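Asks: Residues per chain, in single letters:
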Amino acid sequence: MADILTQLQDCLDQLATQFYASIRYISTHHDFSPVGEQEKLSSTDVTPDPPQTFLAAQRELARDLIVKEQQIEYLISVLPGIGTSEKEQEERLKALERELREAEEERQAAVQEKEKLLERLDEVIRSIRRV
Amino acid sequence: MADQQQNNVLSAVFPAPAPFYKYFTPANLARLEEYRRAHETKRASDETSEALTTSDQHVDIADLSPELRFLIPPEPPADGVYRSFGDIYNINDILPSLSDQGIEQLYPSHSSQQPQSPQDSTTHSAWTFDHTFYLRKLAKSLLLNFLELVGTLSIAPDQYGRKIEDLRTLFINSHHLINEYRPHQARESLITMMEEQLESSKKETEGVRKMKEKVEEVLRQLASGELDLADTAAPSDQKEGERSKADLDEQRNIWAALEVEPGP
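Protein sequences, first through last, are from chains D and F.
Under my numbering, the first residue of the first sequence carries the number 918, and numbering increases by one thereafter.
Under my numbering, the first residue of the second sequence carries the number 21, and numbering increases by one thereafter.
It is possible that some hints are incorrect.
To be verified - Label pairs and their computed distance ranges (CB to CB):
| id | chain 1 | residue 1 | chain 2 | residue 2 | range |
| --- | --- | --- | --- | --- | --- |
| 1 | F | Phe40 | D | Ala938 | 52 to 60 angstroms |
| 2 | D | Ala974 | F | Val101 | 34 to 42 angstroms |
| 3 | F | Glu216 | D | Gln1029 | 19 to 27 angstroms |
| 4 | F | Gly181 | D | Phe971 | 42 to 50 angstroms |
| 5 | F | Asp113 | D | Ile983 | 33 to 41 angstroms |
What the hints assert, rightly or not - Using 20 angstroms as the maximum straight-line C-alpha spacing, the simulated PhoX-like pairs for lysine-lysine come out as follows:
| id | chain 1 | residue 1 | chain 2 | residue 2 |
| --- | --- | --- | --- | --- |
| 6 | D | Lys1031 | F | Lys157 |
| 7 | F | Lys234 | D | Lys1031 |
| 8 | F | Lys222 | F | Lys232 |
| 9 | F | Lys160 | D | Lys985 |
| 10 | F | Lys232 | D | Lys985 |
| 11 | D | Lys1031 | F | Lys222 |
| 12 | D | Lys1031 | F | Lys232 |
| 13 | F | Lys222 | D | Lys1011 |
| 14 | F | Lys223 | D | Lys1031 |
| 15 | F | Lys183 | F | Lys160 |
| 16 | D | Lys1033 | F | Lys160 |
| 17 | F | Lys234 | D | Lys1033 |
| 18 | F | Lys230 | D | Lys1033 |
| 19 | F | Lys157 | F | Lys183 |
| 20 | F | Lys234 | F | Lys223 |
| 21 | F | Lys222 | F | Lys234 |
As the list claims (entries may be wrong) - Just so you have them, the derived chain D footprint on chain F, three or more residues with Cβ under 8 angstroms:
| id | stretch |
| --- | --- |
| 22 | 204–210 |
| 23 | 220–227 |
By construction, these hints were calculated from the structure, which means they are not laboratory data.
Just so it is clear, the structure is predicted and the values come from calculations on it, not from any experiment.
Beta carbons: idealized from backbone N, C-alpha and C, even for Gly.
Whenever a hint applies, use it, and build me the whole structure from the sequences.
Replies: Now the structure itself:
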């Protein structure tokens, strides 16, 4: 999963694509209205959808836009580190570095102890075997 | 001969790694560390020579043996620019501002004030709130402008230009705002990663400790068990008769049980 900022950027790009797709759908699938007594126009570029389908599609496109917008707003609200300043971050980083170093030393000591313990166990097992 | 080799390196499709990579052995690194330490103590001992203290950390490269010289990274270029594959790059990757790109900036610029007041932490944390606030605002504006665009198209389709331009500006602004936020997110993810590492390191230590306690407990029991055996085995002389009697009883019982079992 990409980081939140990248997700946000992807969402913005998708929103732009949806804008385009919505307008394109309307401009290629709309029906014509007769003006006065004139005959209804038609065009090779346009293949009118039945009114019901057209309305439903419009509704769906609009709903998708809203959903995308909500997604974007949600992503904005969960951006990492909202409310922490750069200085606070730096202090936290320094503290963490210190802690990490200490923890690493402890871990090394523990690993050494483990090794010693293994040796002791080895000895015990060997002595049992001998008996 | 050396010339020929040079030619080979240059004409290869994928350039060979720089030849000095072979010097980065643990032994050499240890030697460099040792040299540095010796250097430091020497510097500490003759503090009167100020020329040395001013050039802090700089190990005199000329003093080192050739295979160690490569282990000291070179200084970053002084003019802040470097070349890679024929392109020129900035060391400090600066995000070009929107006005530099000829695009209207729709939010107050904090980034320009930000590095100038690092001691003021309250405005800093407010900066992130501002960022999210303006991002949200821009997102809402996007939707509104699209609505306006559709409205314009339904009434005067040839007037689309201005709204499209507005949308473009809004999108670019949003992306720019997001990119300005990136360093902040990078630091934040680094913090998270370090926290995770710390957690796992502590867990491992804890696990080893628990295992150690368990093993020691077992060993102790084993030792005390052995001691018990030794205790009972050593002073058994005077109880020999008793013991053998008990043993005999037990053996008799076993035999009795064995005789009974096969019966129908």
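Asks: Please go over all the hints and tell whether each is borne out by the structure.
Replies: Hint by hint, here is what the structure shows:
1. F:Phe40 to D:Ala938: 52 to 60 angstroms: holds (55 angstroms)
2. D:Ala974 to F:Val101: 34 to 42 angstroms: Distance hint for Ala974 of chain D, Val101 of chain F is violated at roughly 54 angstroms.
3. F:Glu216 to D:Gln1029: 19 to 27 angstroms: At 24 angstroms between Cβs, range holds.
4. F:Gly181 to D:Phe971: 42 to 50 angstroms: violated (27 angstroms)
5. F:Asp113 to D:Ile983: 33 to 41 angstroms: holds (37 angstroms)
6. D:Lys1031 to F:Lys157: The given pair, whose Cα atoms are some 57 angstroms apart, is violated under the 20 angstroms limit.
7. F:Lys234 to D:Lys1031: holds (12 angstroms)
8. F:Lys222 to F:Lys232: holds (15 angstroms)
9. F:Lys160 to D:Lys985: holds (11 angstroms)
10. F:Lys232 to D:Lys985: Distance of about 54 angstroms is beyond 20 angstroms: violated.
11. D:Lys1031 to F:Lys222: holds (15 angstroms)
12. D:Lys1031 to F:Lys232: Measuring from Cα to Cα gives roughly 7 angstroms; hence the hint holds.
13. F:Lys222 to D:Lys1011: holds (18 angstroms)
14. F:Lys223 to D:Lys1031: With Cα atoms ~15 angstroms apart, Lys223 of chain F and Lys1031 of chain D stay inside 20 angstroms; holds.
15. F:Lys183 to F:Lys160: holds (15 angstroms)
16. D:Lys1033 to F:Lys160: Not satisfied, since the Cα-Cα distance of roughly 64 angstroms exceeds 20 angstroms.
17. F:Lys234 to D:Lys1033: holds (14 angstroms)
18. F:Lys230 to D:Lys1033: holds (15 angstroms)
19. F:Lys157 to F:Lys183: This hinted pair holds, its Cα atoms lying about 17 angstroms apart.
20. F:Lys234 to F:Lys223: holds (16 angstroms)
21. F:Lys222 to F:Lys234: holds (18 angstroms)
22. 204–210: holds (count 6)
23. 220–227: holds (count 4)
Going down the numbered hints, you'll see the structure goes against 2, 4, 6, 10 and 16, while the others check out.
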